[in-house]
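Using the sequences and the hints, build the whole thing.
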Amino acid sequence: MRTALVMGDGPAGLLAAISLRRARWMTEIAPSRRGARAHHGHVHQIDFATMAKIEAVAGQGLAGWSAADLLRIDGAAPPVMTQAPIVDPAALVHALSRRAIELGAKLVEPRMAIPVEDKAFDLLVDASGSAVLAGRTAGLDVAIDESDAIDECWTWRGTAGSGDDRWTIAARDVAGAAGLWLTRAVDGRCMMTLRCADCGESPVSPFRLLDSVMLAAGHDWSRRMGKIGFDPNPVRHRAPFARRVEVTRSAGGPPLLRIGDGLIQTAPRFGQGFAQIAEQIELMRAALASGSSPASAVATIEASADRRWLAAMIGAASEPLLAA
Amino acid sequence: MAVTRRNFIAGTAVLVAGATKATVAFAKGGGTIELEVVGARRLAGMSGEKLRAALVKSVRLQSRLEQPVKMQFLAARLVDGEIADLFASDGFELASGAQAFPGDMLFPGDMLFPGDMFFPGDMLFPGDMLFPGDMLVPPGEPRAARGLLGRVAKDTLLRGGAGNGIVFFVLAETRAVSSRGLGVPTRRG
Ligand SMILES: Cc1cc2nc3c(=O)[nH]c(=O)nc-3n(C[C@H](O)[C@H](O)[C@H](O)COP(=O)(O)OP(=O)(O)OC[C@H]3O[C@@H](n4cnc5c(N)ncnc54)[C@H](O)[C@@H]3O)c2cc1C
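Sequences listed follow chains A and B, in order. The first sequence begins at 1 in our numbering and counts up one residue at a time. The second sequence begins at 325 in our numbering and counts up one residue at a time.
It should be emphasised that the hints constitute simulated quantities derived from the structure, not laboratory data.
Examples of chain B residues lying across from chain A (beta carbon under 7 Å, computed):
#, residue
1, A326
2, T328
3, R329
4, R330
5, N331
6, F332
7, I333
8, L495
Here are the computed distance ranges between Cβ atoms for each label pair:
#, chain 1, residue 1, chain 2, residue 2, range
9, B, E373, A, A143, 28 to 38 Å
10, A, R33, B, S371, 51 to 61 Å
11, B, T328, A, V108, 26 to 36 Å
12, B, A422, A, R249, 25 to 35 Å
13, B, S371, A, S292, 30 to 40 Å
14, A, S290, B, K374, 32 to 42 Å
15, A, A303, B, A326, 15 to 25 Å
C-beta: ideal position from N, C-alpha, C; glycine also.
The structure is reproduced here in structure tokens:
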């Protein structure tokens, strides 16, 4: 039986481990040491199509997400109500972790570096979410490519009373905000994210934004928003519009497959991160199922990251043209 | 073990009917690259391999950037706002003031972006980014690359009196940067 070592216990690593187990690989998961940074804690939105892909891999009925009302406000046009998933990232990752273990993946000690020359493994999977682990590994050269264009947004966290009402409001061109996103999760926690290109060092007050959203949302939705209170200090997320990590190795050893944020990140991270992971996992599963070599899975996944990188860069390049 | 950090900028130019020169301007005073298409008129009506062959002969880039840069060149032909052909070059290096003939290495971009894999993740585009969680936009609305380039085509080409045209993209590597941390930096505002 072939053996794989998956480094990283975030969504990318766990979905990779589940896929490997389903393809009958012996699979070890080396989690992070305590305190290692994870991106998945920020996730609030995954679209239905991506959730369907995730459940196709991990099995139906995953905890950590549910469908909820979504109100779309597009400038002065009448708001439209529809449905969208709301995610509890910790619960979702926990559910994935349980599925991986139930399927027979084994948790092992954290790794300080990638064992690039360890012949005990037929495949190494780096799903550690960044270039740090690869950068610490002797025998690997790491290039981190970043777009000059920056993606910036601000998030306020707060509460919205008790009850299990869940919803999302997505708005654009409201209160001068190019884009705004307000979510109420099941336990009354709520979060408002503002994406703005020129907010400078501090954006407008969240309460002013909220007033404008209430006005635009109409009476019924204003009532649903009635009990919202925010911590007035937002978290600012500032990252290159696209980041692609390339790794080259000087020596042989088992193929190194990299997936998740440690391979490619593109804006808007909201809804995009899991979509990319689902795409990479699909490519990996197809390669495993076809019996082709793990190295070919590595090549197709790297190529998919190249396409995303290029697409993001072209998107960034097109902005001034569109603005003009 | 070596970690290199590279920073890339991207610029776009649209060749309006009748013009032979276009300037690719990079954001934030990033300098410009001049794009010249010799005998641009001849390109009208061409497609596929014929267009590729013509681009190979006619595209010239001149760097007005301060330092030598590594770049990649792409060309997309649009018909009524739809991408009909796409070509991409390999990476190459261009010195300040120097000329390059990226057409020499143009290959059909469909190899890069087969079928609907072209621009995976429709929501990658800044125009769409304005709507956080772009997947919230119903699929019928223009948002994908095709939609975006369609807008470019309509806004720019049509303004120039043409329904169709060629959009060029130039990706350039700038100086290495050392100040940004790994991962997505987050801080209290
Ligand atoms: C502000 C923000 C909001 C976002 N919102 C969304 C959203 O709404 N929807 C969406 O789809 N995406 C969103 N994303 C993107 C999404 O969070 C990421 O794409 C996704 O979490 C990437 O998963 P990953 O497993 O690659 O990395 P991570 O989630 O970062 O997981 C990597 C794991 O590896 C562990 N690790 C680190 N070092 C090591 C090591 N040496 N050995 C072993 N393990 C290690 C980490 O602790 C972590 O558990 C958002 C991102 C940000 C920053």
